[in-house]
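Asks: Following the hints, complete the assembly by docking chain B onto the known chain A.
So the protein sequences, as listed, match chains A and B. Just so you know, our numbering puts 164 at position 164 of the first sequence, and the rest follows in order with no gaps. Just so you know, our numbering puts 197 at position 197 of the second sequence, and the rest follows in order with no gaps.
I should point out that these hints are in silico values taken from the structure, not numbers from a laboratory. Since the model is a prediction, treat every value here as computed from it, not as a measurement. Glycine included, each C-beta is placed from N, C-alpha and C at the ideal position. Keep in mind that the hints are not guaranteed to be accurate.
Said to hold, decoys possible - Computed footprint of chain A on chain B, listed as stretches where at least three residues anywhere in the stretch have a Cβ under 8 Å from a Cβ of chain A: (1) 217-231; (2) 240-246.
As the list claims (entries may be wrong) - So these bits of chain B aren't anywhere near chain A, every CB distance computed over 12 Å: (3) Arg34; (4) Phe111; (5) Asp212; (6) Asp237.
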Amino acid sequence: MPLLALLAKEPAHGYELKILLEQIFGEAYPSPNIGQIYVTLQRLERGGLVASQDVVQQTRPNKRVYELTDAGREALATWVDRPSHGPRIRDDFFMKLALSPLAGSTDRLALINRQRRDYLNQIRSLSALASVTEPGIARLLIEGAMLHLQADLDWLERCQEELV
Amino acid sequence: MIGVGATHHGATHHEADLGQSVLLKASGITKTFRADGVSVPAVRGVDLVLRRGEFAAIMGPSGSGKSTLLHLLGGLERPTSGEIWLDGRRVDGLSQAKWAVLRRRHIGFVFQFFNLVSNMTVADNVELAALMGGANKRQARERRDELLADLGLSAKADAAPARLSGGEQQRVALARALANRPSLLLADEPTGNLDSAGSQSVLRLITRAHADGQAILLVTHDARVACAAERVISLFDGMVADDAAMRPPRRPPAARPSATLPAVLRLRG
Numbered sequence: 001m002p003l004l005a006l007l008a009k010e011p012a013h014g015y016e017l018k019i020l021l022e023q024i025f026g027e028a029y030p031s032p033n034i035g036q037i038y039v040t041l042q043r044l045e046r047g048g049l050v051a052s053q054d055v056v057q058q059t060r061p062n063k064r065v066y067e068l069t070d071a072g073r074e075a076l077a078t079w080v081d082r083p084s085h086g087p088r089i090r091d092d093f094f095m096k097l098a099l100s101p102l103a104g105s106t107d108r109l110a111l112i113n114r115q116r117r118d119y120l121n122q123i124r125s126l127s128a129l130a131s132v133t134e135p136g137i138a139r140l141l142i143e144g145a146m147l148h149l150q151a152d153l154d155w156l157e158r159c160q161e162e163l164v
Numbered sequence: 001m002i003g004v005g006a007t008h009h010g011a012t013h014h015e016a017d018l019g020q021s022v023l024l025k026a027s028g029i030t031k032t033f034r035a036d037g038v039s040v041p042a043v044r045g046v047d048l049v050l051r052r053g054e055f056a057a058i059m060g061p062s063g064s065g066k067s068t069l070l071h072l073l074g075g076l077e078r079p080t081s082g083e084i085w086l087d088g089r090r091v092d093g094l095s096q097a098k099w100a101v102l103r104r105r106h107i108g109f110v111f112q113f114f115n116l117v118s119n120m121t122v123a124d125n126v127e128l129a130a131l132m133g134g135a136n137k138r139q140a141r142e143r144r145d146e147l148l149a150d151l152g153l154s155a156k157a158d159a160a161p162a163r164l165s166g167g168e169q170q171r172v173a174l175a176r177a178l179a180n181r182p183s184l185l186l187a188d189e190p191t192g193n194l195d196s197a198g199s200q201s202v203l204r205l206i207t208r209a210h211a212d213g214q215a216i217l218l219v220t221h222d223a224r225v226a227c228a229a230e231r232v233i234s235l236f237d238g239m240v241a242d243d244a245a246m247r248p249p250r251r252p253p254a255a256r257p258s259a260t261l262p263a264v265l266r267l268r269g
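Just chain B, with the same shape it has in the complex:
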């Protein structure tokens, strides 16, 4: 899955190949917010194709429209114009109720501020998401136990979310997002509120979900997080400025002459 994504999504080839591997397709989407008679364009015509199992990051300065774009793709906001297709089905015109059903069954969402249900235990937060995704009680419990074990949270199953560290809460949020086995995981600054250890653990899990074939679209301003993805989309002023396939990580060869090394790796003095 990883290999397929890495070779097929060259920056300019999206339109050419719209076979069944396409999971999400947005064309010409815009979003203009209106307040007090002033209209503010946040997204100004974005085309985007995400394939099954592909992991793409969206980067850009604050105000570039990256979070708005993610919200449009997840149905949390309605686009002003343009089309969104998920799984071969046009979804941009769906009612809020229909979007809610679609999200429960097909889309996992992770936010910067976890958004866990505070008066439910960690286990119940995850189980509820599985139930809402259409699992029966037994399946939901199995899925819950499997995910919590997977994310190293079994010991915290009966705790209230507030008793957990930020990194742990975000792992619960990730378990919740994956509970319904979504075809698409949308993550909005998932490490934006975490220290470096917390970021690393969440990022490791996201990377593992991708290795298991999960399609992921992740918004971040942190290049170190974005570089976990195999593709980085740069947003600027509500438009795509660049869409780049990353090279497979390569360890710098030990005998490389220092003259050709990046300046950041050269010791001075």
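In isolation and in its complexed conformation, chain A is listed as follows:
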């Protein structure tokens, strides 16, 4: 969907989309794999959401430029208008915590402490990144991640109260 949104403004080729994603979301966001972008674009094209054509370049190989179709524009509008559900109920750590006794591990405090250290170190790294990131979309992404981690830490405390 982010690719559809980027194509809504103007047609682009795969590498341009990769650069745009990096510029908008900054260093915290995993740099998109160019191969993955091409695979996604092909999938979107099969689904009729984008169309492509080869553009002849004089000094370089031809490049394939993608543009949004009417169906793509509609899919994008639907995506934007729909509230997003986070998958926070499917939490891998919580599964471990809940099921660890079945796996023969009874030390839930050790599990919680390890997870807490990991969250704290993540916040520490994000905080360092935030301090060198200009205000804007990229910084908001980092701040959001830090707030989620803060909530995860609060929730760890709840788990500790109930289960340890």
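Replies: Positioned in the frame of chain A, the structure of chain B alone reads:
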């Protein structure tokens, strides 16, 4: 100083290495409050070693005893049992008057609600602390000017504290706490009453004090504040549940595959 702290204070190594680098040592301290015949244990046996120049944060849910612990270590409360050593000297049995002298000379305190003297100017609040810490008049004034300039408060020197924003008042409180060049800075939720910009400015200054070699023990419920420290102690039910050395902050490598990234950084859709 930072490097030394980061490598030496592994979670389980405190007892092994009690050389001269130890600034503060608490062993087996407890505090039980009694009211109307009911006793409420707030701190239930805490061992803690803080080295010179070390910056540690104490986290924990409300009621976990973190503020009480800080008050015990700063002599604002007397422990029910256990020992506290500061600078190689046992201090848990000191009288209130002796504690007051010790604090004026060796400990800086920052609280959530600033606690500035409201009918004195910003400058006088800081100068008074330096005077009480044993500086003469000229030294106190120099220290005052140096700190206010350092904390970006020179322009507000003659203002009453109430005219300042929360963040600025807390910076004055920090200047006051550092006026006597304390060997230990104790901070109790120093950003608890500040907006995000105010928190950031106070945190930056605390971090800088640490970089200058200041030992700091900071109580907070905010993980973003705690992560400025190189060590995080988790308190639970009046006991230490974990004591963790933080990794040096690491910027996530740009080419890391998204599958291994924390879920909080993955965009969905």
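Asks: Are the hints correct? Go through all of them and say.
Replies: Hint check results:
{"no.": "1", "hint": "217-231", "in the structure": "holds (count 6)"}
{"no.": "2", "hint": "240-246", "in the structure": "holds (count 4)"}
{"no.": "3", "hint": "Arg34", "in the structure": "holds (25 Å)"}
{"no.": "4", "hint": "Phe111", "in the structure": "holds (22 Å)"}
{"no.": "5", "hint": "Asp212", "in the structure": "holds (18 Å)"}
{"no.": "6", "hint": "Asp237", "in the structure": "violated (9 Å)"}
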